[in-house]
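Undergrad: These are the residues of each chain, in order.
Protein chains: 2
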Amino acid sequence: MAAQTILFDFTLDKDKTADEEARQQVAKILRNELEHLFPQLELAYSMESPENGYFAVLHENKDTVVTCRIFQHGLLTLNVEYFLPDGKEPLISFDELMQTGRTLESGLAIKLKAKKAQKLPTLKRGDVSRYFPTADERIIEYDIDKVVYEGRSPFQKIQIMHSKTLGNMLLLDELQNIAESDLIYTETLMCRGVENYEGKEICILGGGDGALLYELLKENPKHVVMLEIDELVMQTCNKYLSVICGDVLEKRKTDQYEIVVGDCVEYLKKFIGEGRKFDYVFGDLTDIPITDVPEGETWDFIRTIFEHSFKVLKPDGKYLTHGNGSTCKVQLRLFEEQLNLLRPKVKFTTTKAFVPSFMEEWLFYQVTFA
Amino acid sequence: MAAQTILFDFTLDKDKTADEEARQQVAKILRNELEHLFPQLELAYSMESPENGYFAVLHENKDTVVTCRIFQHGLLTLNVEYFLPDGKEPLISFDELMQTGRTLESGLAIKLKAKKAQKLPTLKRGDVSRYFPTADERIIEYDIDKVVYEGRSPFQKIQIMHSKTLGNMLLLDELQNIAESDLIYTETLMCRGVENYEGKEICILGGGDGALLYELLKENPKHVVMLEIDELVMQTCNKYLSVICGDVLEKRKTDQYEIVVGDCVEYLKKFIGEGRKFDYVFGDLTDIPITDVPEGETWDFIRTIFEHSFKVLKPDGKYLTHGNGSTCKVQLRLFEEQLNLLRPKVKFTTTKAFVPSFMEEWLFYQVTFA
Numbered sequence: 001m002a003a004q005t006i007l008f009d010f011t012l013d014k015d016k017t018a019d020e021e022a023r024q025q026v027a028k029i030l031r032n033e034l035e036h037l038f039p040q041l042e043l044a045y046s047m048e049s050p051e052n053g054y055f056a057v058l059h060e061n062k063d064t065v066v067t068c069r070i071f072q073h074g075l076l077t078l079n080v081e082y083f084l085p086d087g088k089e090p091l092i093s094f095d096e097l098m099q100t101g102r103t104l105e106s107g108l109a110i111k112l113k114a115k116k117a118q119k120l121p122t123l124k125r126g127d128v129s130r131y132f133p134t135a136d137e138r139i140i141e142y143d144i145d146k147v148v149y150e151g152r153s154p155f156q157k158i159q160i161m162h163s164k165t166l167g168n169m170l171l172l173d174e175l176q177n178i179a180e181s182d183l184i185y186t187e188t189l190m191c192r193g194v195e196n197y198e199g200k201e202i203c204i205l206g207g208g209d210g211a212l213l214y215e216l217l218k219e220n221p222k223h224v225v226m227l228e229i230d231e232l233v234m235q236t237c238n239k240y241l242s243v244i245c246g247d248v249l250e251k252r253k254t255d256q257y258e259i260v261v262g263d264c265v266e267y268l269k270k271f272i273g274e275g276r277k278f279d280y281v282f283g284d285l286t287d288i289p290i291t292d293v294p295e296g297e298t299w300d301f302i303r304t305i306f307e308h309s310f311k312v313l314k315p316d317g318k319y320l321t322h323g324n325g326s327t328c329k330v331q332l333r334l335f336e337e338q339l340n341l342l343r344p345k346v347k348f349t350t351t352k353a354f355v356p357s358f359m360e361e362w363l364f365y366q367v368t369f370a
Numbered sequence: 001m002a003a004q005t006i007l008f009d010f011t012l013d014k015d016k017t018a019d020e021e022a023r024q025q026v027a028k029i030l031r032n033e034l035e036h037l038f039p040q041l042e043l044a045y046s047m048e049s050p051e052n053g054y055f056a057v058l059h060e061n062k063d064t065v066v067t068c069r070i071f072q073h074g075l076l077t078l079n080v081e082y083f084l085p086d087g088k089e090p091l092i093s094f095d096e097l098m099q100t101g102r103t104l105e106s107g108l109a110i111k112l113k114a115k116k117a118q119k120l121p122t123l124k125r126g127d128v129s130r131y132f133p134t135a136d137e138r139i140i141e142y143d144i145d146k147v148v149y150e151g152r153s154p155f156q157k158i159q160i161m162h163s164k165t166l167g168n169m170l171l172l173d174e175l176q177n178i179a180e181s182d183l184i185y186t187e188t189l190m191c192r193g194v195e196n197y198e199g200k201e202i203c204i205l206g207g208g209d210g211a212l213l214y215e216l217l218k219e220n221p222k223h224v225v226m227l228e229i230d231e232l233v234m235q236t237c238n239k240y241l242s243v244i245c246g247d248v249l250e251k252r253k254t255d256q257y258e259i260v261v262g263d264c265v266e267y268l269k270k271f272i273g274e275g276r277k278f279d280y281v282f283g284d285l286t287d288i289p290i291t292d293v294p295e296g297e298t299w300d301f302i303r304t305i306f307e308h309s310f311k312v313l314k315p316d317g318k319y320l321t322h323g324n325g326s327t328c329k330v331q332l333r334l335f336e337e338q339l340n341l342l343r344p345k346v347k348f349t350t351t352k353a354f355v356p357s358f359m360e361e362w363l364f365y366q367v368t369f370a
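Residue numbers (the UniProt record's numbering), protein chains in the order written: chain A, 1 to 370; chain B, 1 to 370.
Possibly wrong hints are sitting among the right ones.
If chains are identical, the list can't say which one is meant, so a pair holds when it fits in one copy or spans any two.
[Said to hold, decoys possible] As a list, the in silico SDA-like pairs of lysine to any residue whose alpha-carbon atoms are at most 25 Å apart:
1. Lys352 <-> Ser181
2. Lys116 <-> Gly87
3. Lys269 <-> Glu231
4. Lys239 <-> Asn52
5. Lys164 <-> Ala353
6. Lys116 <-> Val65
7. Lys62 <-> Glu42
8. Lys88 <-> Leu334
Hints were generated in silico from the structure; no laboratory data involved.
Start from the sequences and build out the full structure, keeping to the hints where you can.
TA: Here it is as structure tokens:
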């Protein structure tokens, strides 16, 4: 079951929306046109304000509800909403519009003498969650056809959704994390082909989806230890994401690797106490938070991770981590400022890749002692 | 300038929405909660129908308008809309929600005892067009920060938009066509690394963005002829998309290639008359139309192109073309049915790639005589 919400925008000359009389004129033209398309349409309610323009509700048998706003800045928004039972055809179908050769918005645009008219792709609400934000809060609709798994660990909500083109996707607290399509993510994080992992000692902080561990083991390292807090994430990925994690989450300890279930900060402290050092430390934990100041729990956590990670790194070791969407300039700068505050001093390079399941370009950091 | 439209969905137990009394109860809880958040909120209008549920309009000084629908199927939709002048902060900001630690939807979900609550990423309406559909009509918001060029040729509307991560994008009649990020598109269309173009004779039908011609010329073919109808598309791409087309659109004729401005069907007929044959013909024209039956102008055009193309192909020649989004199973099947109707018989293989500016996986066809 899903409600369909269809949004239209029209840009008008400002003088057509500047005062009440002008707006009433536009509203009348709009109503006349809509009444052609929806013969049983009735005006149910309208209001007008000198500062906030015109608003009206029209409906057809209280089923299809149309709301219209005319802002005094030359913008008219039209929202159409109705319920579409499973298996029924949508009210305004693409096919139909192709056949008439004229879309609702282009027809209205002519009558309204609009400078610009746009129909947003129809929003489907109420069944599967299919809309997720990018790092810079843009809406992306995924071609999700099935909720494969839903669970809740003591740490987070865990979901596996199936996308027709991206395969199974892991979502943590409703944010997309990694999908079967995302080998490029892991390869860019580990700088495959650039870094040489053969015979190296490696520590992964987080990495519960198993993809990084799986790819690293192909490069013949001496040993990898992975510190992941969420047992349920690993069980879930082992079951539903084996395309990207193979069978590495099946066992918790082999000659080549060890997975420790626990708080990575506690284990880093333990390693520091023991004087244990690594050639590579991977920060595969939370993303950089999208805030304008580097404050709050997550930023504190990031600083704690930095501080401890560099204490377990060999002098020529590398700390590799993901950053955030490359459009999030402010947050990436804040992240770099935190790196620059570290003592002993560090320096960094970056790599980037378009990650299919994120539908955006992502930035990755490679940090060494300066 | 932009209006902000914020949509929330709540899934409720069906008995909470099954009859008027139950819906009134839900509406009351919702109003009480909203009045906490928006102290000046007023109920302006409401209506109720046994078949179509409850609808209400609330507003704050006629500025922020909230509409609410309670469908009898256990779905509550909440739409918030207001005008945000340039440079002002949004009403419901992400930062604010992070700091309070509770989002509007999670707060409401608790009060409404909702099984599921979701806020769609905020929609921004009225300034730049930023929402475009995928082949299967999913909404995608692009990180467009500038309209670089807008024009209209006798054939189509031509726009160059700048995306922060995809670079300049070519849009034809409001549909994304190719962007600076899309080398993979051209490479998959031409099967780079698999096909050998050295010393070959090639005909491109369409291809006005110049990217295919540019990449083919790197493979040292004997000669390429390109038949493109839209002069303005080529001028525009030459100016704004040189990252993908280099300088091949600067000249119309060299020893290696010739660009003919005209109707490709007319020129194909001419080639057939002359007995001219090619090793490769590229169909770089319109996409497969999204219809449920293979009828209408565009399907007729596709059949005409097929028919003529195979007449200018050497016996061991190949016809290479793009298909559509790999989720558009019905349309791809219709396309393949048209191929199977051809006489002499043909056979085909397919390749696919995730195209960054399409934000989806695209299917490509390689057709030879059977």
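Undergrad: Decide, hint by hint, whether the structure agrees.
TA: Hints and how they fare:
1. Lys352 <-> Ser181: both (16 Å within a copy, 13 Å between copies)
2. Lys116 <-> Gly87: between (34 Å within a copy, 23 Å between copies)
3. Lys269 <-> Glu231: For lysine 269 and glutamate 231, only the intra-copy Cα distance (21 Å) is at most 25 Å; the inter-copy one is 67 Å.
4. Lys239 <-> Asn52: Neither: 54 Å inside a chain and 42 Å across chains, both beyond 25 Å.
5. Lys164 <-> Ala353: both (22 Å within a copy, 14 Å between copies)
6. Lys116 <-> Val65: both (24 Å within a copy, 24 Å between copies)
7. Lys62 <-> Glu42: both (9 Å within a copy, 21 Å between copies)
8. Lys88 <-> Leu334: Classified as between: cross-chain Cα gap 23 Å, same-chain 50 Å, threshold 25 Å.
The structure is inconsistent with hint 4 alone, although it conforms to all the rest.
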